[in-house]
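S.K.: Given next are the chains, with one letter for each unit.
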Amino acid sequence: MANFVDRIENGADMKILVCISHVPDTTAKINFSAGGSSLVTDGMAFVINPNDEFGLARAMQLKESDGADVTVVNVGESHTEPTLRKALAIGADRAIRIDAAPVDASFVAAQLAHVIKDGGYDLIITGTESIDYNGNQVHAMISMANGLSLVYPCVGLQLDGTKATAIREIDGGKETVETTLPLIVAGKKGLVEESDLRIPNMRGIMMARSKPLEVLAPVDGAQRVSVATYEKPAERGQVAMFDNVQDLVKALHEDAKII
Amino acid sequence: MEMKILVFAETFDGLFKKSTYESVHYGASIAEAHGGSVLAVVIGKATPLVEDLGKYGASEVVHINPNETMNFDSSAYASLLDQIADEQGAQAVIISGTTNGRALSGALAWGWDAGLLSNAVTLPSQMNPTQVKTKCFSSKGFAHAQSSEERVIISFIPQSIGIQEHAVEASVTDVDMPVNSALQVVSADRVSGKVPLPEAECVVSAGRGLKGPENWGMIEELAQVLGASTACSKPVSDMGWRPHSEHVGQTGIAINPEIYFAIGISGAIQHLAGVSASKNIIVINKDPEAPFFKSADFGMVGDAFEIVPELTRAIAEIKNQG
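Protein chains in written order, with the numbering used here: chain P, 1 to 259; chain L, 1001 to 1322.
Check before you lean on any hint, since a few could be wrong.
[To be verified] Partial selection, computed: residues in chain L whose CB lies under 10 Å from chain P: (1) 1103; (2) 1140; (3) 1148; (4) 1199; (5) 1240; (6) 1310; (7) 1313; (8) 1317.
[Said to hold, decoys possible] Dumping the calculated DSSO-like pairs for lysine-lysine here, alpha-carbon to alpha-carbon at most 27 Å: (9) P/250 - L/1279; (10) L/1045 - P/174; (11) L/1211 - L/1286.
I should point out that these hints are in silico values taken from the structure, not numbers from a laboratory.
What you are looking at is a predicted structure, and each value in this text was computed from that prediction instead of being measured.
Glycine residues also receive a C-beta, built at the ideal position from the N, C-alpha and C atoms.
Let the hints inform the model, and build the full structure from the sequences given.
M.R.: Quick look at the structure:
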């Protein structure tokens, strides 16, 4: 593994790895097959996980301000390649796809930990969670597996050489933490603003076609969790409509007894 | 052999979090249903007394004195819990899914080689193999997730279980263990006096219908009479009218209060994903076709600028009588 500290201190570009989940679009309607055995994906649009997209945008900013070589990685079968190509079109330099279904967080973490160990990355960016399984697990697992500090949920990141200053959310506030690279940050909105997100332009899309997308075989990784069945939330009852505040408050106070 | 259930008893500024009592109750409920006992682990100074965890069902408390720093670091905290879990022969660990709790769960699952069932919304339906109902697809679905490991960590969504007492006597062991962290907290910016959104029992939220940040005074006033936390929709935080920390929805904070007031929010599917776990949803919108009415329990069509002040007065009257 290249010595990251020397690399940056000698003025070379840092290496950033952005971990990307391929998830149903935020507007997707979620349905499960009969018996709840699986998610119905027919006709479903998939996107870069929104939390990861904030991280990718921050990586692009760092590439422009400090110089960086940005790799995006996804654990998924071939159908996730358009998502990686989109990340390349946004501006990542190269992509890695671990050719395996992301069966659970522990398995995915084992794959990413291997990529991180081999790649000598200075900064690893994930999302706080993917919007499909909402696990919030993988970043902390790779932090343990690779012996790197984790900033979660990261809503601000500044670098000065190998020194990192990050802002993390805590329940009811924020903390500013200082540490050194290499580092894992689990980002979300705030790491960059919504308006900083990048939409691939035609030139980016053309260039993405010729950027390297390496497909790697998975390494051993234990699956520890599986899903027995899925179900949809119960439908809410009929809404009770009111045409004046007095009646609404009476219903909340006297009937529902919630205020 | 009796199952030993380890519960992480999280503190914030030296005070037990409300969800800590819920965690201990969660552990005690498993112990009652499946046989076992609860060991709570507290890191650092805790007020009120650590013995008080007995009230919620912890028969043992390990109180770690971390010496110098006790800045939260998921890896460092996980290492402490990992050691205690091994020493005590724990089979299950319960962690409430607070911000820090979520990071800790993943780190511990890796170090302790456990199956991690996160976003649990119920008690487990079975142990060994452990199965529990969990939230997924941003509240658009649930998964009955099962651990294939005997060692299991359950991280539940705060407020999804509730708090109950199981009065037992807690014996306390004090131990000195260092927190070894490469993260240095240099400053903290804490919103004082407000309940964090994931723990709030009542939330008053507003959207673009309020027309501008200068109009939030009436939202704050309504929240005040209700003792509620304030929140907002995504466009409102994107436009900088309100801080990101108030954004509830699929890419913001997911909440599950008893009461959710949505004022001037149309109810896009991404917003509903973050708030649909609310037990009672009250929607006020001038557009009778707003999709949110289909996902509401109580609704009123009209101008927020007229309705909200009137609502605040009417509720204040009730609270004053009560």
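S.K.: If a hint holds in the structure, say so; if it doesn't, say that too.
M.R.: Consistency of the hints with the structure:
1. 1103: 4 Å, holds
2. 1140: Result: holds, 4 Å to nearest chain P Cβ.
3. 1148: Where the cut-off is 10 Å and the nearest Cβ of chain P is about 6 Å from residue 1148 of chain L, the hint holds.
4. 1199: 7 Å, holds
5. 1240: With a minimum Cβ separation of about 8 Å from chain P (threshold 10 Å), the hint on residue 1240 of chain L holds.
6. 1310: Check passed: Cβ of residue 1310 of chain L comes within 4 Å of chain P, closer than 10 Å.
7. 1313: 9 Å, holds
8. 1317: Nearest chain P Cβ about 9 Å off; hint holds.
9. P/250 - L/1279: The hint holds at about 18 Å.
10. L/1045 - P/174: 21 Å, holds
11. L/1211 - L/1286: Holds. Residue 1211 of chain L to residue 1286 of chain L sits at ~13 Å (cutoff 27 Å).
Going through the hint list in order, the structure satisfies each hint without exception.
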